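J.: This is what each chain is made of:
2 protein chains.
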Amino acid sequence: MTYRPPIDDILFLLREVIGADSILARPEFAHVDPESLEAAVRQAGRVASDIVAPMNAPADRIGATLENGVVRLPPGFVEAYEAFCDGGWPGLALPEEYGGQAMPEIAQAALSEMSNGASLAFSMLPVCGRAAVRVLLAHAEPDTQALWVPKLASGEWSGTIVMTEPHAGSDIGQARTKAVPQADGSYALTGTKIFISFGDHDATPQNAHIVLARIEGAPEGVRGLSLFLVPRVTMEADGTFGPRNAIAASRIEEKMGIHGSPTCEMRLDGATGYLLGEPERGIQNMFTMINTMRLEVALEGVGIAGAALDKAARYASERVQGGSGGAATAIVEHADIRRTLLRMKALTGGARALCYETAALLDRGRSEEAGFLLPICKAVASEIAVEVASLAIQVHGGHGYISEHGVEQLMRDARITPIYEGTNGIQAVDLLLRKIGRDDARTLSLLCERVEGDLEPAAGGEIGDAVAAGLGEWRRVSSLLLERMAADVNQGLSGATPYLRLAGTVLMGWMWLRMAVAAKDDEYGDEIRTVARFYAADIMPEVDTLARRALVPGELLYTLDSERVARV
Amino acid sequence: MTYRPPIDDILFLLREVIGADSILARPEFAHVDPESLEAAVRQAGRVASDIVAPMNAPADRIGATLENGVVRLPPGFVEAYEAFCDGGWPGLALPEEYGGQAMPEIAQAALSEMSNGASLAFSMLPVCGRAAVRVLLAHAEPDTQALWVPKLASGEWSGTIVMTEPHAGSDIGQARTKAVPQADGSYALTGTKIFISFGDHDATPQNAHIVLARIEGAPEGVRGLSLFLVPRVTMEADGTFGPRNAIAASRIEEKMGIHGSPTCEMRLDGATGYLLGEPERGIQNMFTMINTMRLEVALEGVGIAGAALDKAARYASERVQGGSGGAATAIVEHADIRRTLLRMKALTGGARALCYETAALLDRGRSEEAGFLLPICKAVASEIAVEVASLAIQVHGGHGYISEHGVEQLMRDARITPIYEGTNGIQAVDLLLRKIGRDDARTLSLLCERVEGDLEPAAGGEIGDAVAAGLGEWRRVSSLLLERMAADVNQGLSGATPYLRLAGTVLMGWMWLRMAVAAKDDEYGDEIRTVARFYAADIMPEVDTLARRALVPGELLYTLDSERVARV
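These protein sequence lines are chains A and B, in that order. Our numbering applies: residue 289 is where the first sequence begins, and numbers increase by one. Our numbering applies: residue 289 is where the second sequence begins, and numbers increase by one.
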């Protein structure tokens, strides 16, 4: 169950497409030179293939277990995590003052992609830690930061994000967990939370639970929520551990995949918590890490898609079966398998490039553009992950359906990514309502102009023509949906999901155009140009279908009353 | 984990769309009247919901086990199977002279769909028995038929289809299992077979293994294979059991889903077998049941899609979360959820109707048309099953990814259907190469004329217009691919997979047109017409994309050499 990290593709993107050198030239990255960035990427690849990948299949088979209120991670997990921390990887892109390496987001993107490709279940643990760090750096008091952040940056302690409740998923405003002020300035939190990744585990002795709860007497709804730091183990101000806090896993969920990542129901029974930031600003303060998490989930999609492509490509070159016309050959020679592998390459490469472009925008401080692209990256990369993993199964035939090759695990693991950290439907509404509607389409125009600017050299051949046509459709559909939204918000939003995919399809085409233009005159360059042509021929035509789907009149969706829609 | 069988939809199709009455008017169905057909459908629905559905989730969780060379089915399986047999369901469409009820294929289709919707893993056992009966009725000697078929028709004994070997999947000609003639006219078979569904199990005391093997000295390749009946337990001519035959399960596979259905590696170690039909006609004789199996797998897809729709619809009407604009409502009110449910309805209903139409063609003896539609039904319905199950997960959000609601199991179970009984890539090649190319497109023309004939009343509104446009694209792409195939078979076949889906999309549109025209002026009719409009608006546009994908020049697929295609 080996994992071969896509080092060549990542380095090509960083060097030739998204302009890593100009990012490293910024003063905040004065301590990083191109060689150390490349070395970090190569070393991250070795960590993924040598340390993370070997535990992935056993962790899936055995899963995490809950025994006497304590979650045990599957065999091999803790050892892999310790090796990961020994290499300093949890703090790769965190500030140096807290023990991090302060590398740019593009380096973290490469690490995340490869670690996710090796094992999504594993990689979710450091993600939770990084998310907690973001929240603490933005909203905690300095002494809290000094106590917690270095331990989180080293991976010695871990973090969790504790939002969802049984009746409060996408609609988090229904959360009922209560926080009662205590005499010492802390709060006593009581309630039940669900779907908490790594809510409890035995890889670290301490856990920073970042919990959304409602202070007694605060208003109902999303505006009444506040954010708290709830330690797994109570601590003195100097970090000395006291007894366990009154927060514990009461169940772990049976689920489709990511069995190595315990999904916990957490009971808080008067647990001691500390307010983070202002009261009743919980949602706004939580948004500090929403961008981080969206990019992380997008890179989970890219990582899984890349791993699925790797397995399928190897199998196709090794598996010998007859062609339609005579002598048996490796199945990579069969037209249908080639078509499938090219589609997998085109989707995976496009999603990867768009995610790294977004990471680069974050590094350049262009947060409006990055914020626009993030819901697209999250939704598109996660959908691509499921499709590419499914295609990888298909390439393997019956051998893909059995567990032996690890490819069915990839599809099961991938299937969470369109759901968590905001379902893709939520991402689509966010894009259309907030990132476009509430911005008067300024960032949209800016990005369309960037795409247009890259069309001017007319160097792209088929992919250039296809992107030009796609861009026209994107603009046309955007205008029409904005008009509809102006008349009736829900009428416009009814096209949100196909609209997001349309935007993503055009933007991935743009990235393939940029890759094709940047590709050198060598064998790798030939491959890039061919896959770009295939993207233009096989995938860009989806834009027309998506445009028509995005413009399906909202009334059609509401012609039937709910009982008929939900009838079976 | 209840299952609500879609009785209304099935009865509407049978009565109003595919013309069950005219099938029952045929002399071979003189013993069946419309009331008894309807009663059988309703009773089959109760069997699915009351007997089959309850064992599905536990069977998935526990799975089949191999102990001391004997496979044990999970708890509840054997009891459910016995109840299923007590009701006479295994023989519903088998001849009366062997104890069957000789119902038409449309009745079997309804039973299969609902049984599959309740539990795919369960339903695979009777499918294997029916497939074995088809082979035996076509190729066995009368005394063999007399001994075996009544026991298979009652379900007292079961069947298996034993084809695949580790190096011989789609390329079955590489099979190495040897058959050595014995003095008594039997053969001794030796070899290893894989992916044998219900290769061993404890639900029946006897098993008819239908085995492909090569008689010693026969030519290499697919032409040298013969078909054998290999009993699990040796028998006297009068049916008295002797010792176990030398065929046994040596392993059961860990796999993505259908855990209740043991997928066995079978070792034959000089097992006694009996030639079925002529020697070296094994493949041709096996084709006797290929049509049966394709329709069965298509109905697996329809069954799972229907079950997924059922679960999603119920969840959407019960789950209350905020809308974009204010007060919390059932999520079925949200535009994105409605869009999703309508897509699930449009795909499921279209695939169901096309499968029942195909079953009706079989009942009418129109085997050319049915043969044309079968690879389309198999591939399209199986792809739809995976998509609809995935959409059902998405409707459930995080609750869909955990096992509790049973919807993630549907997606895991569904994922086998595009693979087995000929991968969908094989179906696509079969359609284009054999059903169209080798038939000089006669059946294609016939079907296109039928579609055209249904357009003439112009009664369909949007769906009529969309089908008219789609039919034009289908004819255009067919001509172009046939031209390409005439020049270079592989050039044409490189478009086979999108071509099949294009044909299926148009044909499902045709079925929605027929349903819309047949629908009455009542609430159910309004629903049918609305979903037909949605099919026209949301799904028919895919035809254009599929046309462009089908026509991607074959050279583009072969621009890169294999090493580059398979590089990661």
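Worth flagging that the hints you see were computed from the coordinates, not collected in a lab. None of the values given here were measured: they were computed from a predicted structure. A couple of the hints might just be wrong.
Copies of the same chain are indistinguishable here, so a pair counts whether it falls within one copy or spans any two.
[Stated by the list, open to error] Below 20 Å or equal to it, Euclidean Cα-Cα: the simulated DMTMM-like pairs (lysine to aspartate or glutamate) are:
(1) K439 / E657
(2) K808 / D849
(3) K466 / D374
(4) K466 / E740
(5) K808 / E851
(6) K808 / D321
(7) K466 / E744
(8) K466 / E621
(9) K439 / E323
(10) K808 / D557
(11) K466 / E771
(12) K723 / E429
(13) K466 / E304
(14) K466 / E750
(15) K723 / D296
J.: Work down the list of hints and note, for each, if the structure agrees.
T.: The hints, checked one at a time:
| no. | hint | result |
| --- | --- | --- |
| 1 | K439 / E657 | neither (32 Å within a copy, 69 Å between copies) |
| 2 | K808 / D849 | between (57 Å within a copy, 18 Å between copies) |
| 3 | K466 / D374 | neither (38 Å within a copy, 56 Å between copies) |
| 4 | K466 / E740 | neither (51 Å within a copy, 65 Å between copies) |
| 5 | K808 / E851 | between (58 Å within a copy, 19 Å between copies) |
| 6 | K808 / D321 | neither (23 Å within a copy, 73 Å between copies) |
| 7 | K466 / E744 | neither (57 Å within a copy, 66 Å between copies) |
| 8 | K466 / E621 | neither (62 Å within a copy, 30 Å between copies) |
| 9 | K439 / E323 | neither (28 Å within a copy, 74 Å between copies) |
| 10 | K808 / D557 | neither (61 Å within a copy, 58 Å between copies) |
| 11 | K466 / E771 | neither (42 Å within a copy, 71 Å between copies) |
| 12 | K723 / E429 | neither (31 Å within a copy, 73 Å between copies) |
| 13 | K466 / E304 | neither (51 Å within a copy, 57 Å between copies) |
| 14 | K466 / E750 | neither (58 Å within a copy, 53 Å between copies) |
| 15 | K723 / D296 | neither (33 Å within a copy, 44 Å between copies) |
Checked against the numbered hints given earlier, the structure breaks hints 1, 3, 4, 6, 7, 8, 9, 10, 11, 12, 13, 14, 15 and satisfies all the rest.
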